[in-house]
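Spelled out, the chains give:
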Amino acid sequence: GAVVSQHPSWVICKSGTSVKIECRSLDFQATTMFWYRQFPKQSLMLMATSNEGSKATYEQGVEKDKFLINHASLTLSTLTVTSAHPEDSSFYICSVSLQLYNEQFFGPGTRLTVL
Amino acid sequence: GNSVTQMEGPVTLSEEAFLTINCTYTATGYPSLFWYVQYPGEGLQLLLKATKADDKGSNKGFEATYRKETTSFHLEKGSVQVSDSAVYFCAPPSGAQKLVFGQGTRLTINP
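These protein sequence lines map, in sequence, to chains V and C.
With the first letter of the first sequence counted as 1, position 23 gets the number 23 in the numbering used here; the numbers rise by one all the way through.
With the first letter of the second sequence counted as 1, position 62 gets the number 177 in the numbering used here; the numbers rise by one all the way through.
Because the hints were derived from the structure by calculation, they are not lab data.
Note that the coordinates shown come from a computational prediction; the quantities given were computed from them, not determined experimentally.
Careful, some of the hints might be misleading.
[Unchecked claim] Derived, one-sided and incomplete: chain V residues facing chain C with beta-carbon distance under 7 Å:
#: 1; residue: 40
#: 2; residue: 93
#: 3; residue: 102
[Unchecked claim] PhoX-like, lysine-lysine: derived pairs with alpha carbons at most 20 Å apart:
#: 4; chain 1: C; residue 1: 167; chain 2: C; residue 2: 183
#: 5; chain 1: V; residue 1: 55; chain 2: C; residue 2: 175
#: 6; chain 1: V; residue 1: 64; chain 2: C; residue 2: 167
#: 7; chain 1: C; residue 1: 213; chain 2: C; residue 2: 192
#: 8; chain 1: V; residue 1: 14; chain 2: V; residue 2: 55
#: 9; chain 1: C; residue 1: 171; chain 2: C; residue 2: 183
[Stated by the list, open to error] Covered stretches of chain C, going by a simulated chain V footprint (3 or more residues, C-beta under 8 Å):
#: 10; segment: 159-171
#: 11; segment: 217-225
We put the beta carbon where it would ideally sit given N, CA and C, even for glycine.
Construct the entire structure; sequences and hints are all you get.
Here is the structure:
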């Protein structure tokens with residue numbers, strides 16, 4: 001299977017600042033990656049589909065200008081939380097979609113805390 | 116579209132107890148089915164999968180059989196351990212496509 005990394009694993013920032021989270025596919029090229037958000041003791045909520053070389057597809061209710069996604073290469077997608085506020089504090093998880101294995105592979109997650 | 120209904124938690128069991136977590140789905144065709152597990156503070160890991168009807172996925176003592184007649188993919192383990200405490204997600208019928216997760220089942224195993 002694929003190995004997916006995320007960086008950083010945790011981050012604390014002040015309200016109003018922007019935070020960038022990286023998701024890397026270490027051993028496969030991935031044209032499609034997904035970004036999820038998880039609140040404490042809740043399920044994963046799909047935020048957007050990240051497509052290499054084109055715009056991300058956002059789920060209903062997710063603010064595009066708030067959560068900027070860039071999939072500039074076949075191994076890297078980034079999620080930038082702009083002008084972060086305490087309500088953006090959450091666990092953000094990415095996944096890599098591989099048709100070869102007909103499944104998704106998940107990163108370890110990034111815990112964001114906005115003070 | 117495809118959907119999944121998963122047994123609500125939380126579930127609390129004693130060590131060595133038998134575990135069943137129910138999962139039923141609706142789907143077009145016969146897609147692959149997955150169970151994911153999330154240990155405290157971590158991301159998701161694939162626990163097991165079944166790619167066609169009547170397949171049995173198994174891993175770490177867990178099993179799930181893809182039953183198309185009942186559209187179910189229940190997760191079972193004969194003797195749970197404290198280390199099995201985690202949240203379990205039955206993933207909607209999918210492959211590499213977009214996944215929309217159910218609520219998950221939080222499992223706590225007491226020694």
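Verification of the hints:
For residue 40(V), the shortest C-beta to C-beta distance to chain C is roughly 11 Å, which exceeds 7 Å, and the interface hint is violated. Hint status for residue 93(V): holds, given a least beta-carbon distance of 5 Å to chain C, under 7 Å. At a threshold of 7 Å, the smallest CB-CB gap from residue 102(V) to chain C is about 4 Å, leaving the interface hint in force. A hinted pair counts as satisfied when its Cα atoms are at most 20 Å apart, and residue 167(C) with residue 183(C) qualifies at roughly 9 Å.
Taking the CA atoms of residue 55(V) and residue 175(C), the gap is near 39 Å; set against the 20 Å cutoff, the hint is violated. As the CA atoms of residue 64(V) and residue 167(C) are separated by approximately 37 Å, the hinted pair breaks the 20 Å bound. Restraint check for residue 213(C) and residue 192(C): not satisfied, since their Cα atoms lie roughly 28 Å apart, outside the 20 Å limit. Note on residue 14(V) and residue 55(V): the hinted pairing is violated, with a Cα-Cα distance of about 28 Å set against a maximum of 20 Å.
Taking the CA atoms of residue 171(C) and residue 183(C), the gap is about 12 Å. The hint holds against a cut of 20 Å. Judged by the Cβ-Cβ criterion of 8 Å, the segment 159-171 of chain C is covered by chain V as claimed, because 5 of its residues qualify and three suffice. Here the segment 217-225 of chain C counts 4 residues with a CB under 8 Å from a CB of chain V, which clears the bar of 3, and the coverage holds.
Checked against the numbered hints above, the structure breaks hints 1, 5, 6, 7, 8 and satisfies the rest.
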